[in-house]
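Participant: Kindly produce the complete structure, drawing on both the sequences and the hints.
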Amino acid sequence: MLASWQLGPQFPAWLQYQGQLETLDIANTGISHSITQWFWPKISNLFQLNLSRNQIHGEIPRKFEVVSAPVVDLSSNNFKGTLPFISSAVALLDLSNNSFEGSIYHTLCGLIREPNGLSILNLENNNLSGGIPNCLKTCPNMRVLNMENNNLMGTIPPSIGHLAFLESLHLRHDNLSGKLPQSIQHCTELVLIDLGGNELIGGIPTWIGNSFSKLMLLNLRSNKFQGGIPYELCGLSSLQILDLAHNNLSKLVPKCFNNFTAMAKRQNSGAIMSYSPPSSPGGGGVQENAFLVTKGREVEYSTTLKLVVSMDLSENNLSGEIP
1 MLASWQLGPQ FPAWLQYQGQ LETLDIANTG ISHSITQWFW PKISNLFQLN LSRNQIHGEI
61 PRKFEVVSAP VVDLSSNNFK GTLPFISSAV ALLDLSNNSF EGSIYHTLCG LIREPNGLSI
121 LNLENNNLSG GIPNCLKTCP NMRVLNMENN NLMGTIPPSI GHLAFLESLH LRHDNLSGKL
181 PQSIQHCTEL VLIDLGGNEL IGGIPTWIGN SFSKLMLLNL RSNKFQGGIP YELCGLSSLQ
241 ILDLAHNNLS KLVPKCFNNF TAMAKRQNSG AIMSYSPPSS PGGGGVQENA FLVTKGREVE
301 YSTTLKLVVS MDLSENNLSG EIP
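Be aware that the sequence shown starts at 1, since it is given in this note's numbering, and climbs by one per residue.
Treat the hints with care, since some could be wrong.
[Stated by the list, open to error] In silico lysine to aspartate or glutamate, DMTMM-like type, Cα no more than 25 Å apart, as pairs:
(1) Lys42 x Asp25
(2) Lys224 x Asp312
(3) Lys179 x Asp312
(4) Lys80 x Asp25
[Claimed, not checked] For each label pair, taking beta carbons as the anchor points, the in silico distance ranges come out as:
(5) Glu189 x Thr23: 27 to 35 Å
(6) Gln6 x Gln37: 20 to 28 Å
(7) Pro61 x Glu298: 30 to 38 Å
(8) Glu315 x Gln182: 26 to 34 Å
(9) Arg297 x Gln6: 32 to 40 Å
(10) Gln182 x Gly81: 33 to 41 Å
(11) Ala262 x Asn45: 39 to 47 Å
(12) Ile322 x Ser103: 39 to 47 Å
(13) Ile322 x Phe85: 24 to 32 Å
Hints listed in this document are in silico derivations from the structure and should not be mistaken for laboratory results.
Glycine included, every Cβ here is placed at the ideal spot set by N, Cα and C.
Facilitator: Here it is in structure tokens:
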């Protein structure tokens with residue numbers, strides 16, 4: 001591993017003369033040139049590939065199946081072009097903070113269903129467009145799905161209900177519309193739901209309060225939800241962060257809102273939320289993060305996220321007293 005060594009700005013040519021590599025970690029090494037063509041066949045048998053936090057530019061091969069590493073992290077670079085097809089052996093794929101554009105269809109729907117399929121997918125902060133394809137059942141092992149801050153559109157597909165192991169769902173600031181699909185209630189392992197900053201409509205479903213006993217964060221901020229706040233939300237016994245601000249909610253705030261037990265309990269200061277794919281224990285993962293509005297400012301929390309307690313119901317049409 002050569003992470004944080006100064007290897008750039010050119011892509012290190014000496015790698016082509018190395019023997020069979022199992023792990024290549026050259027994250028944060030000052031590389032700013034594009035990747036030469038000999039590189040991709042060279043790494044066909046890698047277990048882990050980490051090129052993150054450089055300024056590498058250019059496109060990656062459309063047929064990225066040549067890379068079968070379970071862990072692939074190309075985040076925080078200057079990659080552009082369309083998303084690649086990927087091998088079904090990839091368990092963690094992080095392409096966040098780049099300039100990828102176009103559809104996500106072939107990246108998701110081109111996967112072959114098998115026991116060690118994709119479990120962590122991070123595509124946040126790109127220029128991706130189009131809808132979320134209704135083929136999520138091809139990713140039955142998905143635990144983290146992050147596609148926030150793109151130019152997506154359309155509805156959340158009903159096939160999301162096939163993600164029985166999903167723990168973290170980030171679709172914030174994606175121009176999504178329509179109602180929440182009822183199938184989400186089958187994702188009973190969810191710990192974090194961030195759907196803020198979209199065009200979602202309808203009432204807040206009552207089943208949210210009955211389905212997610214592990215849910216710690218629920219962000220529906222800046223949408224077009226209307227009607228009353230369902231009292232069933234009080235059944236979210238693990239909830240620490242609730243943001244329903246900037247909607248069209250009305251009626252009274254449920255009296256039971258003063259009884260969220262997790263908000264009143266002292267939290268473990270050593271608890272950091274992170275995820276690693278089952279096929280690579282200790283071999284790469286992602287750390288959970290969330291953006292919360294505090295005193296009018298959007299603040300990112302990551303290492304301290306599990307310590308935060310917050311409720312925001314502002315900018316609605318609620319009446320009566322806050323319990």
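Participant: Broken hints, numbered, in rising order?
Facilitator: Result: hint 13 breaks, nothing else.
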